[in-house]
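For reference, the chains in residue letters:
There are 4 protein chains.
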Amino acid sequence: MVYLGVIGGARCTPEVDACAEQVGGEVARSGAILVCGGMGGVMEAASRGARLAGGVTVGILPGLDRESANPYITVAIPTGLGEARNALVVRASDGLIAIDGSYGTLSEIALGLQLGRPIVGLDTWKIDAPIIRVSNPLDAVHRLLEELGVQNS
Amino acid sequence: MVYLGVIGGARCTPEVDACAEQVGGEVARSGAILVCGGMGGVMEAASRGARLAGGVTVGILPGLDRESANPYITVAIPTGLGEARNALVVRASDGLIAIDGSYGTLSEIALGLQLGRPIVGLDTWKIDAPIIRVSNPLDAVHRLLEELGVQNS
Amino acid sequence: MVYLGVIGGARCTPEVDACAEQVGGEVARSGAILVCGGMGGVMEAASRGARLAGGVTVGILPGLDRESANPYITVAIPTGLGEARNALVVRASDGLIAIDGSYGTLSEIALGLQLGRPIVGLDTWKIDAPIIRVSNPLDAVHRLLEELGVQNS
Amino acid sequence: MVYLGVIGGARCTPEVDACAEQVGGEVARSGAILVCGGMGGVMEAASRGARLAGGVTVGILPGLDRESANPYITVAIPTGLGEARNALVVRASDGLIAIDGSYGTLSEIALGLQLGRPIVGLDTWKIDAPIIRVSNPLDAVHRLLEELGVQNS
Chain A
1 MVYLGVIGGA RCTPEVDACA EQVGGEVARS GAILVCGGMG GVMEAASRGA RLAGGVTVGI
61 LPGLDRESAN PYITVAIPTG LGEARNALVV RASDGLIAID GSYGTLSEIA LGLQLGRPIV
121 GLDTWKIDAP IIRVSNPLDA VHRLLEELGV QNS
Chain B
154 MVYLGVIGGA RCTPEVDACA EQVGGEVARS GAILVCGGMG GVMEAASRGA RLAGGVTVGI
214 LPGLDRESAN PYITVAIPTG LGEARNALVV RASDGLIAID GSYGTLSEIA LGLQLGRPIV
274 GLDTWKIDAP IIRVSNPLDA VHRLLEELGV QNS
Chain C
307 MVYLGVIGGA RCTPEVDACA EQVGGEVARS GAILVCGGMG GVMEAASRGA RLAGGVTVGI
367 LPGLDRESAN PYITVAIPTG LGEARNALVV RASDGLIAID GSYGTLSEIA LGLQLGRPIV
427 GLDTWKIDAP IIRVSNPLDA VHRLLEELGV QNS
Chain D
460 MVYLGVIGGA RCTPEVDACA EQVGGEVARS GAILVCGGMG GVMEAASRGA RLAGGVTVGI
520 LPGLDRESAN PYITVAIPTG LGEARNALVV RASDGLIAID GSYGTLSEIA LGLQLGRPIV
580 GLDTWKIDAP IIRVSNPLDA VHRLLEELGV QNS
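Chains as they are written, first to last, in the working numbering: chain A, 1 to 153; chain B, 154 to 306; chain C, 307 to 459; chain D, 460 to 612.
Derived from the structure by calculation, the hints contain no laboratory data.
Here a beta-carbon is modelled for each residue, glycine too, at the ideal position from N, C-alpha and C.
Result set (DMTMM-like, lysine to aspartate or glutamate): computed pairs, CA atoms no more than 20 Å apart in a straight line:
{"#": "1", "chain 1": "A", "residue 1": "Lys126", "chain 2": "D", "residue 2": "Asp587"}
{"#": "2", "chain 1": "D", "residue 1": "Lys585", "chain 2": "A", "residue 2": "Asp123"}
{"#": "3", "chain 1": "A", "residue 1": "Lys126", "chain 2": "A", "residue 2": "Asp139"}
{"#": "4", "chain 1": "D", "residue 1": "Lys585", "chain 2": "D", "residue 2": "Asp598"}
{"#": "5", "chain 1": "C", "residue 1": "Lys432", "chain 2": "B", "residue 2": "Asp276"}
{"#": "6", "chain 1": "B", "residue 1": "Lys279", "chain 2": "C", "residue 2": "Asp429"}
{"#": "7", "chain 1": "C", "residue 1": "Lys432", "chain 2": "B", "residue 2": "Asp281"}
{"#": "8", "chain 1": "B", "residue 1": "Lys279", "chain 2": "C", "residue 2": "Asp434"}
{"#": "9", "chain 1": "C", "residue 1": "Lys432", "chain 2": "C", "residue 2": "Asp445"}
{"#": "10", "chain 1": "A", "residue 1": "Lys126", "chain 2": "D", "residue 2": "Asp582"}
{"#": "11", "chain 1": "D", "residue 1": "Lys585", "chain 2": "A", "residue 2": "Asp128"}
{"#": "12", "chain 1": "B", "residue 1": "Lys279", "chain 2": "B", "residue 2": "Asp292"}
Each pair of labels, with its calculated beta carbon distance range:
{"#": "13", "chain 1": "D", "residue 1": "Thr472", "chain 2": "B", "residue 2": "Ala282", "range": "53 to 61 Å"}
{"#": "14", "chain 1": "C", "residue 1": "Ser374", "chain 2": "B", "residue 2": "Glu220", "range": "36 to 44 Å"}
{"#": "15", "chain 1": "C", "residue 1": "Lys432", "chain 2": "B", "residue 2": "Asn289", "range": "21 to 29 Å"}
{"#": "16", "chain 1": "B", "residue 1": "Gln304", "chain 2": "C", "residue 2": "Leu454", "range": "52 to 60 Å"}
{"#": "17", "chain 1": "C", "residue 1": "Ala324", "chain 2": "D", "residue 2": "Asp582", "range": "51 to 59 Å"}
{"#": "18", "chain 1": "A", "residue 1": "Glu146", "chain 2": "D", "residue 2": "Asn595", "range": "44 to 52 Å"}
{"#": "19", "chain 1": "C", "residue 1": "Lys432", "chain 2": "D", "residue 2": "Ile591", "range": "50 to 58 Å"}
{"#": "20", "chain 1": "C", "residue 1": "Arg317", "chain 2": "D", "residue 2": "Glu474", "range": "46 to 54 Å"}
The following residues of chain B were derived to be distant from chain C, with all beta-carbon distances above 12 Å:
{"#": "21", "residue": "Met154"}
{"#": "22", "residue": "Arg204"}
{"#": "23", "residue": "Pro224"}
{"#": "24", "residue": "Val287"}
The following block holds chain A by itself, in its conformation from the complex (with noise of 0.2 Å):
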């Protein structure tokens, strides 16, 4: 099984969800497992996305309250570590799409790329780093699976 972490802002544009969400899809349609923090914004949207096209969701919360997770979660994890649980989004994934965001998605960022995992970018940090850049939502997941070696269905 594998795990595509999305991270983002717990805030967005309706245009940055309406991305999120077909990210989230695409992640469900892959048959993988959609991993991220389990709060709102490109978070929620992914999960969305995901849920709607039959998939399953993990929302690693920074809380210790199992009800702050958005709707669309399938299995929250509070784990009252606060921002901290950021490195645990990404350990929890096998790779990550990151979508716009704050300071919050950049750690995640910059904790990826640490620990190697392959990061595809839409919209996000312009930062020096083997991000992979794309500007469309199916081919983030696509991108991401190929890093991965994960045969596209």
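Add chains B, C and D to chain A, keeping to what the hints say.
Only chains B, C and D this time, still in chain A's reference frame:
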């Protein structure tokens, strides 16, 4: 959705294994998600029981390698936190069933008590604390659901 | 440099407070650094004893606010991990002295046993485990140093 | 007491080493405690500078082995959390000075920005964020103290 944690040693006797498998099966039949540390022994037996009964199991692993999970884990979360992940097993569980077990299990019981989680014990640590002692695997699950105010099916 | 952990409840009786203060003083006189959870009760009393004897104290705090440390902490480390920081108190200590205490202390004893740390107990949890039981604060420190192979001055 | 974090790579050039050593020295002369990840490179050079100037250094280590700390650490805290300890370095620091550095440093910068910590950068990551850029080691410390509202001696 209710999340029931099953805690116990990474190695156990055949008797304890059989007991844990029955607990896992009943967790699944109750409709709850089974949470555990994802490794062998009691964790593996409970996961096996849950999966054979059609349930979902979450393994919160101490290491960074998802492949270290036992084969009956549906969602494997590698944390890389070592035994500090015991706190996450407890936080991710609405209530806990402790079966036999050694020091790791004792730490989870203690953290569960500290967090106010109801704990049911099956032949586990003798300590002066409000652990609900039962001797039968099915009773363990039923008593825990009762404590959590969940209607048994 | 030797690091000795002193664990116990965040609230305690005057008798336990006096005992913990004596333990802290002897830790400092032995030249060791005192590690604790940085809060009140036993942690504060032990820190007070250590500081009055000219020692150094490290408080590994559950919250994000350094100001929550008791006033006798030399180096205050806010972790924001909640009680998951108990694992860090144990990992940062070469050996542990448990004084009285409730569930948090029990979790630290259990994690210490799991990590193979020598543990000396002063009127603490009765569990079936190799805790070195003593009844005198000075003996507690001397026995722990002996276990660690450190020459008493 | 003010705690200043110095973050940067575990390996660095002689030029970066010299810069970090000067930063560490000035941190110590300002009376602040120096916090770092406790390993080599920038962390070691900054710790060396601080110790040579009579200061106190705290190393929050990724591993479980205290002996992995560089020789200039006064208080070594083995966490066993791997790179998840980066969040603890940030939380334990009132402000951060980033010197050069790779992905781990970037994750600490991002977590610091997320937590609202002031960050001063010396030839470090180019990102679109409110990092105070300086080119001189002494300026780095002075500007950070200024941001923290601490009177320079």
